[in-house]
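*Asks:* If you want the building blocks of each chain, they are given just below.
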Amino acid sequence: MIDRRRVWAVVRKDWLEISRDKQVIAPLVVVPLMFAAFIPAVVLLLGRTGIPASSISGLQSFLDNLPGGIVPGGFSPEQTVVYAVVVYFMAPFFLLIPLMAASITASSSLVGEKERRTIEGLLYSPLSNRELVLAKVLGSVIPAVAITWIAFVVYALIVNTLGGPLLGGIFFPTWTWVVVVVALAPLVGFLATSLIVAVSARSTTMQGAQGTAMFVVFPVLAIIIGQSTGLMLFDAAVALATAAVLLVVDVVAFVLIVARFDRERIITRL
Amino acid sequence: MTAQPFPPPAAASAAETTTPTVRASGLSKRFGERDVVSDLSFSVAPGHAFGLLGPNGSGKTTTVRLLTGLLTPDRGEVTLFGEPVTRTGSDELRRRIGVQTDTNLYETLSARENLRTWGALYGIPRPELDDRIDAVLTVLGLQERAGSLVGEFSKGMRQKLSVGRAVMHEPDLLFLDEPTAGLDPEAAADLIDYLKRMIRSLHTTVIICTHQLHGLESLCDDIGIIRHGRLLTAGPVAGLLARRWPERRQQLTVGGDTARAREVVASVTGRPPTVDDAGRLGFAAGEDGVAAVVAALVRAGIPVHAVVPETPTIEQLYFATLEEGTGA
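For the record, the sequence lines run as chains A and B.
Here the first sequence is numbered in this note's numbering, starting from 73 and rising by one per residue.
Here the second sequence is numbered in this note's numbering, starting from 82 and rising by one per residue.
Please note that the accuracy of each hint is not assured.
Partial chain A-side listing against chain B, Cβ under 8 Å, derived [what the hints assert, rightly or not]:
id: 1; residue: Met106
id: 2; residue: Glu192
id: 3; residue: Ala331
id: 4; residue: Arg335
For the record, the hints were derived by calculation from the structure and aren't laboratory data.
Since the model is a prediction, treat every value here as computed from it, not as a measurement.
Every residue gets a Cβ at the ideal spot worked out from N, C-alpha and C, and that includes glycine.
Only chain A is shown next, with the shape it has when bound in the complex (with noise of 0.2 Å):
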């Protein structure tokens, strides 16, 4: 049985202790704001003129292996690139926020309180490992995918207010990214979490706990560049499955988790 009171309170502190450290808050806010605001904004306003193409890396090629009848007919070539890095270039790449915001948070986490020793308390409470497990995961994954969501927002006013005009209306989102935002942008977050709580619990540095985020890093960096060498399209068809596999996974690397969570090792390790 978990009890949800105990989890809650201790989600509730390591949000109120990631608010207060401007460290943590810096990169959970510029990061985002780069994928949502800035690139969209620059491919919108600029998309005519060629420069995006030639000064985003990948996107030139991306352009040039865009497989037929994705974009809509009758757009003209500026309308294309357009649409085509709007819709379908930039949705993995909000992928790495969520894996960028848990791999900040959730090692400051767990490792945190080992180097402040802070976890000691947490041992001798009535917390049982899965509840502290979950507690560790949920507090960095609800603001990943909080700050994903905001920057979903964000992303669909802009591409929408500057792009509306262009393509003739409102044009986003489709399903596709509905798929990434709702249900791939937790996944990944879980997992990337679930695996750097599971390092954090063995390792003693912030950087250790940290590079275990690249393990979720490479599949979404393989996306990409499947993406942008035209070897996969990633449409709504493709975020479906990946979403599926992504739950099992998820499920698996908690119980897991827990079962190898051992207070013994950390208390004598501190």
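Given the coordinates of chain A, assemble chain B onto it according to the supplied hints.
*Replies:* What follows is chain B alone, placed relative to chain A:
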């Protein structure tokens, strides 16, 4: 007997009349090649305060971790409230326990936020939580700093708050690890008073680990002295002191010739008295013996300024036990 090496044949019957809150039997724990705790046995009755005394590195913290199920003993077993402590089954038992260490507080949270977190973890009902926090902060003299970040607190204030954190859910069993470290004498005395009142009113069982021995007599019913992971002695304070110093000691202050006074005292008691740095004579005697010594001194023309019964302290017992290195 309520806190004792386990099982002491003479005193076991008294402890058996009620289930001990804590019973450790043959506890041993080894880290690598080092025996950190070795064959530790004692029990603590409900509502009693047990002082686990020992120098740094003697195994006190490891003992607490074994008793609370945080560590699994290599040998031996622990029961709390009559239930065995196991690695996987002690989550709910821990709800009835409070543990104070110096590392339990979150520095970027205020005192109130810290207590709110722990109150929720220990299941204090929401409607009661604010009142309970206010009560704890008031008793500890921290009410005015309730909204201040703990990172801004002095060591003494943190110490008080960490004790408050451990007691706010009114645990049945409370572990305190050096609770008066860093406190000025007045604050330490206040804290001891608070703990005594809590024990009396809530019937809380307390295990206090410390090497700060001053004032423990008024708090601890029982003590155990540990060194190198081994319990050198354990039992009720009064019993241990009486066993160690069976005769009542007196402290005598005289005027004039101390050497002559020593001879007079020795002629009455049959043993030469001790002399401390201040020139006071120490000897063992009951009330009749004291009267005889004073009369002899007066007859010898030696002025008697004071005769004060000497009450042996836990501190004296501690050092005597460590010096001897065996049970008292």
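*Asks:* Next, verify each hint and record whether it holds.
*Replies:* The hints, checked one at a time:
Interface restraint check: Met106/A against chain B, minimum CB-CB distance 27 Å, threshold 8 Å, status violated. Satisfaction of the interface hint for Glu192/A is found here, the shortest Cβ-Cβ separation to chain B being roughly 6 Å, below the 8 Å cut-off. Proximity of Ala331/A to chain B is violated relative to the hint, the smallest CB-CB distance being about 11 Å (cut-off 8 Å). Taken as an interface hint, Arg335/A checks out: its beta carbon lies about 6 Å from the nearest beta carbon of chain B, inside 8 Å.
Checked against the numbered hints above, the structure breaks hints 1 and 3 and satisfies the rest.
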